[in-house]
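**Student:** Could you put together the complete structure from these sequences and hints?
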Amino acid sequence: MKVRNLWKRQLLITFCLFVFCFGTGCGQKGEAFQEVTIQETEQSLNESEKNKETEEIHDAPKTTSVCVYVCGAVNNTGVYELKKDARIYEAIECAGGLREDAALSAVNQAEYVSDGQQIYIPTQEEYNAGITSEMTVSSSTDSSDGKVHLNTATKDELKTLSGIGESRAESILAYRDSHGAFQSIEELMNVEGIKEGIYQKIKDQIAL
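Take 1 as the starting number for the sequence shown in our numbering and just add one per residue.
In short, the hints are calculated from the structure, not lab data.
Lysine-lysine pairs mimicking DSBU-like chemistry, simulated, CA-CA at most 35 Å apart:
1. K84 / K195
2. K83 / K159
3. K147 / K195
4. K155 / K84
The structure presented is a predicted model; accordingly, all values stated were derived computationally and were not measured.
**Tutor:** Rendered as structure tokens:
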């Protein structure tokens, strides 16, 4: 009888130890699983934030337009936003076109516009009084900095640069017509007849 009771007591103790150990192990596994889940969630959130920041950087707007002021013998004087490589005739179209009294030959409508440019269209009467195309389109040579602007300068204005004669001025105009507006002043060295030596002489005299 005593042996049986002792056996039952040992069996009970063994069972209790088994239950205790099993419960502790499950608790540890649960905590470990919960910790892994939290880490994975934090990692996922961090990756989402990084992806969002990357998308915002890629979506940052690029400067692809310019603003010009069109006035004089046009139907709607005002400031207009155009694409970066637009020409003067497009600016005139935005201003509602020329008035009947506009001097059609006063402005080279094929020239490129530049940001902040004022385009003044004279009347035929003003043109006959001596207003020339060089006087109607400002910003080819900016009075504030005295520089020649490559994207709007005429041949005569280009010839004022050191080492730029008629032949090189014509080459610059031909390059501008075939390649579009200059994107940097260094691009001038791509023009036939203009190498680094000439560029170094005039780089402080030019702007876009």
